[in-house]
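Enquirer: Residues per chain are reported as follows:
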Amino acid sequence: MDPRMGYGALGYDLAHLLGTATLVLSFVLLYQKRIDAVVNTYAAQAWVLAAAAFWQGWVQDSPHLYVTGLIALLAKGVAIPLALHNIVRRLRIGRSIESALGVFPSMALGMGMVALAILVVLPITLGAQVLTREDLAIALSVVLLGLLMMITRRTALTQVIAFMSMENGLILAAVGVAGMPLVVELSVAVLVLVAAIVFGEFFFRIRSQFDSLDISHLDRVGEAHR
Amino acid sequence: MNPLQSIAGAVIVLPLLASALLFTVRRTEVSAWINIAVSAVVLGLACLLPWHLHVSTYLLVDRLSVHVVLLTAFIGLCSAWVSRDYIAVERDAERLDRRRAQQYFALFQALLGFVLFAVLSNNLGVTWVAMEAATIAGVLVVGLPRTEAAVEASWKYFMICGVGIALALFGTIVLYLAAQTVLGAGLPAMSWSELPAVAAKLHAPLLNLAFVFLVIGYGTKAGLAPLHAWMPDAHAEGPTPVSAVLASSILNVALTILLRLRDVVGRNAGAISPGSVLMLFGLLSLLMAGFSLWRRRDVKRFFSFSTIEQNGIVAFAFGLGGPVGTFAGLLHMTVHTLCKAAVFQCVGRATQLKGSQKFADMSGLIAGSRMLGLTLAAAIVAVAGMPPFGLFTSEFMMLAETAKRLPYALIPLGIGLLVGVWALLWRLITLCMGEPTPNPGPMPHWSALVPAWAQLAIAAVLGLAMPGAVYAWFAAIAAGVVS
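If you read the sequences in order, they're chains C and Z.
Position 151 of the first sequence, counted from 1, bears residue number 151 in my numbering, the numbering being contiguous throughout.
Position 308 of the second sequence, counted from 1, bears residue number 308 in my numbering, the numbering being contiguous throughout.
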C-alpha cells in the first residue's frame with residue numbers, strides 16, 4: 001500500500017478531514033431553515049469539495065483533478081450560489097422560513113443514512129485502498145443525505161439545492177477513486193452547467209405560472225388528469 | 001480517423017449539428033423539412049452500419065447497438081414526418097408560438113443525437129453523459145406547451161430522472177473501481193467491450209453494489225415500476241410525436257444498457273443473479289401497469305402505462321436470458337417500439353381532431369375519420385399482442401421459454417398479460433367504435449398516416465414471415481449478449 005495513504009499519514013488524514021467536512025455540511029443543509037443560509041451552506045460544501053479535489057490531485061499526482069476542483073470552486077462555489085441568491089432576492093424569499101423536519105428527526109434520519117452507507121460500503125471494499133473505501137462510504141452518505149433532503153424539503157429551490165448537494169457526493173466519490181479517467185469530471189461539469197440553465201428556466205416558468213416557488217400545489221394537477 | 005468509424009460518428013454528429021442549426025431557423029415550415037431531411041440522412045447512414053461493425057476506444061458498433069440505432073433512426077424519421085403536420089396544426093390552433101415551434105424541432109434533433117450517442121458509445125461514462133443530455137432535451141421538449149400540466153410533468157421528469165441518473169453515476173464509479181483492479185486505471189476499465197471478457201475476475205461484492213445502483217438508475221430511464229412515476233406525465237403532457245420518440249429511444253437505450261449489464265454481471269459466478277432482479281422489476285411493471293390501465297381516463301396516459309407494461313415484459317425476457325429469452329426480449333422491444341410509435345402518431349392526430357385527450361370526448365373515431373380510426377385500431381391490436389403482428393410471436397416465445405424454465409412465473413405473467421390485453425381491447429372499442437363525438441379539429445390528411453402504416457407493416461412482417469436474414473440477425477445479437 002502507498003505509505004501516504006495509511007492511518008496517520010498526512011495525505012490520508014487531510015483527505016479524510018475534507019471528506020468528512022463535506023458530510024458535516026450535508027447535515028447542516030438538512031436542518032437549515034432560512035433559504036439564504038441553505039444557499040450559503042451549499043456554497044461552503046462546494047468549497048470543501050474543491051479543496052478535496054485539489055488535495056486528491058496533489059496526492060494522486062493526477063493534474064486533471066485540479067480541473068475538477070476548479071470547476072467545483074468556480075461553478076458550484078461561486079456562480080451557482082450567486083445565481084441562487086439573485087433568484088432569492090428577486091422573489092423576496094430570502095428570510096422566509098421553510099418547514100423542514102425538526103433538528104432532531106433530521107439528524108436521526110441522517111445518522112441512519114450514514115450508518116447504512118457504512119454498512120453497505122465498508123464490508124464489500126475490503127480489497128481496495130483504505131482511503132478509497134472510506135471516501136466511498138462518505139460519498140455515499142452525502143448522496144443519501146441529498147436524497148433525504150429532497151424528500152424532506154418542500155420548495156423547488158431547496159429541492160434543487162438538495163439535488164446539487166447529492167452531486168457533490170458523486171464528485172467526492174469520483175475524485176477518491178485513483179486514476180478515474182477525466183470523462184466523469186467532464187460529464188459532471190457539463191451536467192452542472194446545463195442543469196443550471198434548465199433550473200433557471202424552470203424557476204422562471206414556475207414563477208410565471210404560479211407566482212410562487214412552492215411546488216406542493218403542483219401535485220393536484222396530476223390528480224385531475226389521471 | 002478511418003472511414004468506417006466516421007459513418008458511426010456522422011450518425012451521432014449530424015443530428016447534433018442539425019439541432020444547433022434549427023435553433024437559428026425562424027420559419028416553422030423550413031425547420032420541419034430540415035428535421036425530416038436530417039432524420040432521413042441519419043437513417044440512410046445507419047443502414048450502412050451493419051456492414052461496418054467494429055470496436056474502437058470510443059465507439060462500439062456491434063450488432064446490438066446497430067440494431068437499436070436502426071430502430072431509433074427509423075422511428076425518428078417517421079416521427080419527424082408526423083411532426084411537420086402536428087406542429088402546423090398546433091401553430092394554427094395557437095397552442096404553440098413560432099419560437100416554441102423552432103425550439104421543438106431543435107430539441108427533437110438534440111434528443112435523437114444524444115440517444116444515438118448513448119447507444120454507440122463504448123464507454124460507460126460517455127454513455128452516462130449522453131443519457132443525461134438526452135434527458136435534458138426530453139425535459140425541455142415535454143415542457144414546451146407551457147401549460148400548467150406540462151410544467152409539472154417536465155419538473156417531475158427532471159427530478160425523478162435526475163436522481164435516477166445520479167445513482168447510475170455512482171454505480172458507474174463503483175463498476176470502474178471494480179474493473180480497474182483487473183484492467184488497470186484508464187479508459188479500458190470503463191469500456192463496454194472490455195468488461196464482459198474480464199467480468200468473471202472482478203470482485204463480486206463490488207460488482208453487486210455497482211449493479212444495484214446502475215439498475216435503479218437506468219431502470220428509472222426505462223420506466224420500470226416502481227421507478228416509473230415520471231413517464232405517464234411526460235407522455236401525456238408533452239407534444240405527442242415526442243411521446244413516440246421517447247417511447248422508442250430513451251427507454252430502448254436504457255433497456256439495452258440493462259441487457260449489457262446483465263451480461264457483465266451474469267458472467268461473474270460470485271455476483272447476484274442479475275436475471276432475477278430484472279425479472280422482478282419486469283413482473284412488477286407488468287402487473288402494476290396492467291391493472292393501472294383500467295383506471296386511466298386520459299388517452300395518452302393510458303398508452304404510456306401500456307408502454308410501462310410492455311417494457312416490463314422486455315425486462316422480464318432479458319432477465320429470463322438464454323438465447324431464446326434474449327431473442328424474445330429483443331423482438332418484443334423492436335416490434336413494440338414500432339407499434340407504439342404508430343399508436344402515438346395516430347393518437348396525436350386524434351386528440352387534435354377531437355380537441356381533447358379524454359376518452360370520454362373521443363369515441364367513434366372510425367365513424368369520424370375512417371382512415372385514422374382504422375389505423376389506430378390496427379395499432380392497438382398490434383400493441384395488444386394479437387396476431388398477425390410480431391408481439392404475438394415474441395410473447396409466445398417468451399411464455400414457452402418461461403413454461404420450460406420457470407413454470408411458476410407463468411401465473412403472474414399470464415395475469416398481467418391478460419389484464420393488459422383486456423384493457424386495451426376495451427379501450428379499442430370505446431375509442432374507435434361507439435357513438436361518434438364532435439370533431440372540432442382539422443381532419444388528418446392520409447399522408448400523415450403513412451409512417452404508421454409502414455411501422456405496422458414491418459411489425460406484421462416480423463410476426464408472420466420473418467425473413468431468414470432478419471432471424472439470423474436477431475439470433476446473432478442474442479448470442480452476443482448471452483453469458
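These are computed hints drawn from the structure, not numbers from a lab.
All C-beta atoms, glycine included, are put in the ideal place defined by N, C-alpha and C.
One or more hints might be untrue.
Said to hold, decoys possible - Distance ranges between label pairs, derived from CB positions:
| # | chain 1 | residue 1 | chain 2 | residue 2 | range |
| --- | --- | --- | --- | --- | --- |
| 1 | C | H64 | Z | T181 | 18 to 24 Å |
| 2 | Z | G355 | C | Y66 | 55 to 61 Å |
| 3 | C | I151 | Z | T181 | 31 to 37 Å |
Unchecked claim - Listed below are several chain Z residues computed to face chain C (Cβ distance under 10 Å; list not exhaustive):
| # | residue |
| --- | --- |
| 4 | W155 |
| 5 | M159 |
| 6 | V163 |
| 7 | L167 |
| 8 | I173 |
| 9 | L177 |
| 10 | A185 |
| 11 | N208 |
| 12 | S363 |
| 13 | W446 |
Enquirer: Hint check: is the beta carbon of Z/W155 less than 10 Å from a beta carbon of chain C?
Expert: holds (6 Å)
Enquirer: Mind checking the CB of Z/W446 against every CB in chain C and telling me if the closest is under 10 Å?
Expert: Violated. Min distance 31 Å.
Enquirer: Can Z/V163 be said to touch chain C, with a Cβ gap under 10 Å?
Expert: Where the cut-off is 10 Å and the nearest Cβ of chain C is about 7 Å from Z/V163, the hint holds.
Enquirer: For the hint on Z/A185, just tell me whether its beta-carbon gets within less than 10 Å of chain C.
Expert: holds (3 Å)
Enquirer: Holds or violated: the hint that Z/M159 contacts chain C, with Cβ atoms closer than 10 Å.
Expert: At 7 Å from the nearest chain C Cβ, Z/M159 passes the 10 Å test, so the hint holds.
Enquirer: Identify whether the interface hint at Z/L167 stands, where standing means a beta carbon of chain C within less than 10 Å of its own.
Expert: This interface hint holds because 8 Å falls under the 10 Å limit.
Enquirer: Are Z/S363 and chain C close enough, Cβ to Cβ, to be under 10 Å, as the hint says?
Expert: violated (19 Å)
Enquirer: Confirm or reject the claim that Z/G355 and C/Y66 have a C-beta distance inside 55 to 61 Å.
Expert: Taking Cβ atoms as reference, Z/G355 and C/Y66 lie about 58 Å apart, which means the hint holds.
Enquirer: Hint Z/N208 vs chain C: min CB-CB distance below 10 Å?
Expert: holds (7 Å)
Enquirer: Please check whether Z/L177 passes as an interface residue: C-beta within 10 Å of a C-beta belonging to chain C.
Expert: Nearest chain C Cβ about 5 Å off; hint holds.
Enquirer: Quick one, is the Z/I173 hint okay against chain C at 10 Å, beta carbons?
Expert: holds (5 Å)
Enquirer: Has the hinted range 31 to 37 Å been met by the Cβ atoms of C/I151 and Z/T181?
Expert: holds (35 Å)
The structure fails to meet hints 12 and 13 from the earlier list, while all remaining hints are met.
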